[in-house]
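6 protein chains.
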Amino acid sequence: MKMISEFNDHDHIEGQFLLGSISKGVNANGGSYFSVELRDASGQITAKKWDATLQDEEIFVAGNVISIVGETNKYRDALQLKILSAEVVPLEEIDVDRFVKAPPVSKEELMSKFNNYVNSIKNEDCKKLLNYMIKKFDDKIYSYPAAVSIHHEYSSGLLMHSITMADIAAYLCKIYDANYDLLITGCLLHDLGKIIELEGPIVYKYSLEGKLLGHISIMVAEIRKAADELKLTSEVPLLLEHMVLSHHGQPDFGSPVMPCTKEALLLSLIDNLDSKMVVVNKAIADVEPGNFSNKLFPLDNRAFYKPKE
Amino acid sequence: MKMISEFNDHDHIEGQFLLGSISKGVNANGGSYFSVELRDASGQITAKKWDATLQDEEIFVAGNVISIVGETNKYRDALQLKILSAEVVPLEEIDVDRFVKAPPVSKEELMSKFNNYVNSIKNEDCKKLLNYMIKKFDDKIYSYPAAVSIHHEYSSGLLMHSITMADIAAYLCKIYDANYDLLITGCLLHDLGKIIELEGPIVYKYSLEGKLLGHISIMVAEIRKAADELKLTSEVPLLLEHMVLSHHGQPDFGSPVMPCTKEALLLSLIDNLDSKMVVVNKAIADVEPGNFSNKLFPLDNRAFYKPKE
Amino acid sequence: MKMISEFNDHDHIEGQFLLGSISKGVNANGGSYFSVELRDASGQITAKKWDATLQDEEIFVAGNVISIVGETNKYRDALQLKILSAEVVPLEEIDVDRFVKAPPVSKEELMSKFNNYVNSIKNEDCKKLLNYMIKKFDDKIYSYPAAVSIHHEYSSGLLMHSITMADIAAYLCKIYDANYDLLITGCLLHDLGKIIELEGPIVYKYSLEGKLLGHISIMVAEIRKAADELKLTSEVPLLLEHMVLSHHGQPDFGSPVMPCTKEALLLSLIDNLDSKMVVVNKAIADVEPGNFSNKLFPLDNRAFYKPKE
Amino acid sequence: MKMISEFNDHDHIEGQFLLGSISKGVNANGGSYFSVELRDASGQITAKKWDATLQDEEIFVAGNVISIVGETNKYRDALQLKILSAEVVPLEEIDVDRFVKAPPVSKEELMSKFNNYVNSIKNEDCKKLLNYMIKKFDDKIYSYPAAVSIHHEYSSGLLMHSITMADIAAYLCKIYDANYDLLITGCLLHDLGKIIELEGPIVYKYSLEGKLLGHISIMVAEIRKAADELKLTSEVPLLLEHMVLSHHGQPDFGSPVMPCTKEALLLSLIDNLDSKMVVVNKAIADVEPGNFSNKLFPLDNRAFYKPKE
Amino acid sequence: MKMISEFNDHDHIEGQFLLGSISKGVNANGGSYFSVELRDASGQITAKKWDATLQDEEIFVAGNVISIVGETNKYRDALQLKILSAEVVPLEEIDVDRFVKAPPVSKEELMSKFNNYVNSIKNEDCKKLLNYMIKKFDDKIYSYPAAVSIHHEYSSGLLMHSITMADIAAYLCKIYDANYDLLITGCLLHDLGKIIELEGPIVYKYSLEGKLLGHISIMVAEIRKAADELKLTSEVPLLLEHMVLSHHGQPDFGSPVMPCTKEALLLSLIDNLDSKMVVVNKAIADVEPGNFSNKLFPLDNRAFYKPKE
Amino acid sequence: MKMISEFNDHDHIEGQFLLGSISKGVNANGGSYFSVELRDASGQITAKKWDATLQDEEIFVAGNVISIVGETNKYRDALQLKILSAEVVPLEEIDVDRFVKAPPVSKEELMSKFNNYVNSIKNEDCKKLLNYMIKKFDDKIYSYPAAVSIHHEYSSGLLMHSITMADIAAYLCKIYDANYDLLITGCLLHDLGKIIELEGPIVYKYSLEGKLLGHISIMVAEIRKAADELKLTSEVPLLLEHMVLSHHGQPDFGSPVMPCTKEALLLSLIDNLDSKMVVVNKAIADVEPGNFSNKLFPLDNRAFYKPKE
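Residue numbers (the numbering used here), protein chains in the order written: chain A, 2 to 310; chain B, 2 to 310; chain C, 2 to 310; chain D, 2 to 310; chain E, 2 to 310; chain F, 2 to 310.
A hint or two may mislead.
Pairs involving identical chains hold if they fit within one copy or between any two copies, as the list cannot separate such chains.
Keeping only pairs whose Cα atoms sit at most 20 Å apart, straight-line, the calculated DMTMM-like set for lysine to aspartate or glutamate is [stated by the list, open to error]:
1) Lys136 <-> Asp229
2) Lys307 <-> Glu210
3) Lys277 <-> Glu200
4) Lys277 <-> Asp178
5) Lys25 <-> Glu38
6) Lys25 <-> Glu88
7) Lys226 <-> Glu236
8) Lys3 <-> Glu94
9) Lys307 <-> Asp98
10) Lys232 <-> Glu58
11) Lys136 <-> Glu230
No wet-lab data here; the hints were simulated from the structure.
Start from the sequences, fold in the hints, and give me the full structure.
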């Protein structure tokens, strides 16, 4: 099956696509039609479903993956797709590989970095907790995105964020004389609750647990459960629970307790730093020098300027 | 050993007392002395330790229980105690019964009400979780105070609060058509995390876990652990975790998630109502009609007026 | 005249309807049309007014009651109404009974409960003030809604809210040893200012006084005026003015003074509790178990989950 | 009786004085004494009452006016007063003239300005309301202070504030084309509720009504009552009620409704401006050029700089 | 070239117009068209550009000045313009006089008032700084608007605001005994940074400097630079820098430092007063007595009532 | 002259000391005395000045450096100093070396790191601005503290903070692909305004400019002035002004403009990170493992826990 980037004029198209934004219009004859955005990992295209029926209302819902038969055509120099028929693809039949971009760093490299960090930990309790979680969450650690995403994101977003944080943490540990084992373990564990908070496989949305508890409370409870099962008796589990609980830095951002250890503070500061820098870098990637980005919601709705040189 | 309310002039006193507020003064000859408030369950008395030594600095600390030899005397019509010698009583030797007031309702009555509520629950998972926690926290459910308290409070404060809430919840259940089993279970469980958050036995202070996690996150994790061990598969544990997590109503008050079920909302509203009413009732108890109470910190520092009639 | 729930295909329709949401579209020929929602107490229906004229702009305004001649037809299995002619019904000609749902509890029962509460009051000044207000506001006490409402609400919303509050107050009075007469009088009077704040008869909007003063300040002044005319000399009028003034609990919610008596605090807590519970109960009434409601503006825009069981 | 500014060394003193700040000390022999600040309109002096008795505790309370017998002496070049006996002066026996400073503008001049403004009003309803209030509050309009004051302030503070505001309002009326009659009436009436909110005669404190309602709600109700008695039917009373209600500008400052007419907005802006300028002018009056004032609580705790030139 | 107010039916139109709001529609045949608002100093008119091309996307951008050929016609009794061709007018070819309304006070009068104020200053350093800025900003002082404006505003908005403030300041100087020279200089200089913050010529938008620094920081730096070049050694430049820096009154409104001198406070209060009064006066100008204005964003989204009489 | 750490019992002491906290007491005979803390770079000691005179009031002021004659003695095993005579040391006669601790990293090393960073910059305008500032502020760059400090801090605090930030920035530059020259220049320049904001030499307090403008606005103006003198025409000065202006991250913390370039955001995040980590590290330095630090004001008044291991 062709990917969107490979479409030409007058192609006959069959395949799975993700529905992005959707708008509904009215024809001259009073009937209605859908104008939608279709996506796969290679790009996106505008498509029309004319003469929308009542069933179409349930098919054309943003976030659905649909299976389509259609034809391409040119409209004002841009390629469009006319949808002839469409149906929703059941979760288990989704061809995930069509939708997930390869991350900028290969999965192998990420896994190798992750394992290196795990192996660098000397504290026994940190190590046990890490291995417990690796076993529990398994492959999802490598495949989860870092946030709710209506568009197909890189897979491994969660892992990339954790590893970048570990990279920074390893450097700052020396400057501020912090406990390496605690800090690195915190970087690797702090967001794993998202694996329960979100559910996929293509479009990640909040699960019921995610909505009622949030990934922070989920992960604190998971560490407590693990420490209990592993019969850990040191302060380490409590310190890690505190780090996870406080890593959003303040109550308004989801942390009922603010950081009260050096390592918890450092973790929250690095998390804050990386989260913001990733948003900015993504936002200005396609901005021409000398111009501003769109307004960025997670950065107080500011637009960012990309200097001329 | 005599209780404070039984002291007369020129008594020789030996016994354990709780140190309340403390101030240090300087003698005319440049030496220093302590003027302290001693307490037991029967009342309080001002006491002086003249010629304070360096060791006294470590003994006369608010919250300590000290063992004293002294003599009473009258100063301006009020009985005072002159402390001749004093030493700190180790935790395990404290005679708890000297310090804890009997609650206004007898322990037997409270326990009977508590058990009646447990028995009124029909949902199996609610029942299992309640029994798990009763077994785990055992006698502490009946003996814990409702809050950090520098002065000797009623024992059973935690239990009284939970039962008053259950009384109100049972009534409101009918008005608002809420789930009785969930709501009553929530009332009985919601604050049990305080048994880990605080540590006694006389003066209850925050434990390390209390400071780093808080009773809400602790209790959510305990329910999760219990549900796991009990192999519960219904939505009930999640709904109860959500109720506990959100019962302070908003992030600034310690709930990272706000109530999102009818029962969670009702629980948080009843908790808010009872907490405030208890503060006001206590504050105006000794106020003369036609006057204002002291300013109440938990009520935005307002003073409350007690009407003339 | 047929109610909306009685419409069939190809009916000829004449009658009064309330205009709900309105949208304007453009025809293929460049003319414009209105697509509106018509309502009466029995339900709602989508209607079209094709070839909108300039006069139609003034007729098709949300909240107007219009008199219509039209015909029903089916569009995609749903009944629609084609409006042939429409004109605005003057306030005095509105057939109120077509728009107001019977409350879930009958008016007679509500009036009987209200009178029972009035009769249960023993304090003379409370009684006089209540009777003064009953005389002044008369039938409106029984017919007013509890809030601005763009859609046809139950009549008696104001009364139902007051009586539910009195029910709860009577129960809590005993638990917290509050003054029954003050508290019940407060429940019955606290929102009567809405009779001046809002004006109807079908669609209740803010009156000029409502916008410039608000129901709280209006009612405080009305009590003061009444107490003056009735030559009351006890503290009671002042205590009731304070209860009314502070019943929204804080400045940001419209109370310039916060509750400073036990009864004022209890009134504000019960008002807060009932207001929120009513919103939630209404919002989840039609939600399928296992799903979330819409986002609720008065509850910080949260969606509420209806448990599966 | 001598005023404080007339004291010399070794004078025998008898007379009434206001108690300012008070501190209690302990003698070398263990007895206690009071060191207090005595005030009258001419100044202040430190005084000691040695060998304080239990009764003295009730006499030496800040804000009391006490009648004293004593003797002056010098201590480190400063005159002190040794109090031999003291008793509280009942309210009705206070010699008010000993405590109240003449305002910087004479009472006659203030009254004449006030009357001129009243006479300049053309609108009949404004005029009637003004005259109603003048009759009701009478001489207190001329004698009340502008705020709670623990120290003897100028009398007429309330009137001076109102007249300065009227002066500014008359000027701004022309610039912004506002309604002169409404605005000037608003300036003259807006704070009259303080006559009920505060009670004197020397030390003005909040009355019970002041605490439970506040001067804004009191005055709104008074205007409503007056308009009712005067049978006014124009919009004027409502507009004035709105102006009074909103003149603190926002909910957090005591106005449940924000200004929604041009005149209400202008009134609140002038009130804000005059209140702040008066605080600053008073605070820097005695500051040497090139220095900062104390921190000013009503101005966000800022200190103000007085330029060198 | 005809102004919009002079258009008649069936006119052939050629000329420059400012593009106001823009919406894009779809034809019955699937093509798209623009419906736009054209403006000049005399008024505004709705215009259509049918069969929109890809190039039109870049021409029909709100804020562009476009040169048009078109024809008028009537649609439902209102005059419309059918655009036959359009192109963007380069900045340097814009005929500014077509777009800028004459201010209500003539430019000559404003300049004369401005010069009078400058001449009334006696302090040498104030005078030098004023003259420096007059030379630097020159004619722009007379032509700049007071704010970002998507619609053609009066020219001289900046100057009118400064002069109104000076008028009020001169009056209040006497009442509050403030330094005339500092205060008037502050009024005249405080907003000149807007000449760098905004850029025109017709539609004033934020410049890059405006976005990255804001007019307050820009002007503080300009005064500092000027004082340096002029070798001023008195406190005057610092006092003026402080006045400019603090004139928005608080951090949330753009002043990192709050007013800490009498003149800085007065300047900020007058600025606040004039800014708000101008908004209200403009908003209610066309409102019928007895009605409310639109909601005003800079006034907390309140609607203002215009009294009946 | 002996340093405090070298004092023995019965020493005769002459020398300069910094006055830390001060309290005043009353003797048994009614006279007063000062109990003060004296400091030098080696430590601190409690000292008494008995029989305080009126002149002593002006000498014993916290922050003064005083020249003393006195004698040591032991009081309860601790060395005390009895002050026989004391006078204030004029600024120009202060022996600065007695009060300033050597920084943990040698001044030479810091200067070498600073110069290395300056030399690593390739952008010409960055380089010119840096050299301009180095020339202007000269030696103060190396000697200034990082904050107002009532106690003798390390000298070079300002420089150490800047260099640590540069160290972190150089590392993060690569991770987030930021402009090295801008970012490093920003790190080195961002706080230089403190050299004008604070004034020493021993006890650094806010200067008048510091109070009225703050170091951020001062530095923005200094860069603007420099860029003007250096006739720089690139975007670089504007970008650096923006970085300095926004480096506190939000209006409430002193930045009227929030970061809107990648480098400005990164600078503010690193500044925030380093400022907090330095506070925590200092606070827990002397805390025993398993205990909490004092409450830290700049960290929302939280106490920090130092883990047991």
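Here's how the hints hold up against the structure:
In this assembly of identical chains, the alpha carbons of Lys136 and Asp229 lie at most 20 Å apart whether taken from the same copy (16 Å) or from different copies (17 Å). For a Cα distance limit of 20 Å, the shortest separation of Lys307 from Glu210 across copies, 14 Å, qualifies, whereas the shortest one inside one copy, 40 Å, does not. Taking the shortest alpha-carbon separations for Lys277 and Glu200, neither the intra-copy value of 24 Å nor the inter-copy value of 31 Å comes in at or below 20 Å. In the homo-oligomer, the alpha carbons of Lys277 and Asp178 lie at most 20 Å apart only across protomers (14 Å), although the nearest pairing inside one protomer, at 25 Å, exceeds that limit.
In this assembly of identical chains, Lys25 and Glu38 lie within 20 Å of each other by CA distance both inside one copy and across copies; the values are 12 Å within and 19 Å between. Proximity of Lys25 to Glu88 under the C-alpha cut-off of 20 Å is restricted to the intra-copy arrangement: shortest distance 18 Å within a copy versus 31 Å between copies. For the identical chains of this complex, Lys226 and Glu236 are neighbours both inside a copy (15 Å) and across copies (19 Å), given an alpha-carbon limit of 20 Å. In this assembly of identical chains, Lys3 and Glu94 lie within 20 Å of each other by CA distance solely inside one copy; the values are 18 Å within and 50 Å between copies.
Proximity of Lys307 to Asp98 under the C-alpha cut-off of 20 Å is found in neither arrangement, the shortest distances being 34 Å within a copy and 35 Å between copies. In this assembly of identical chains, Lys232 and Glu58 lie within 20 Å of each other by CA distance neither inside one copy nor across copies; the values are 53 Å within and 40 Å between. Both within a single protomer and between protomers do Lys136 and Glu230 lie at most 20 Å apart by alpha-carbon distance, with minima of 14 Å and 19 Å respectively.
Checked against the numbered hints given earlier, the structure breaks hints 3, 9 and 10 and satisfies all the rest.
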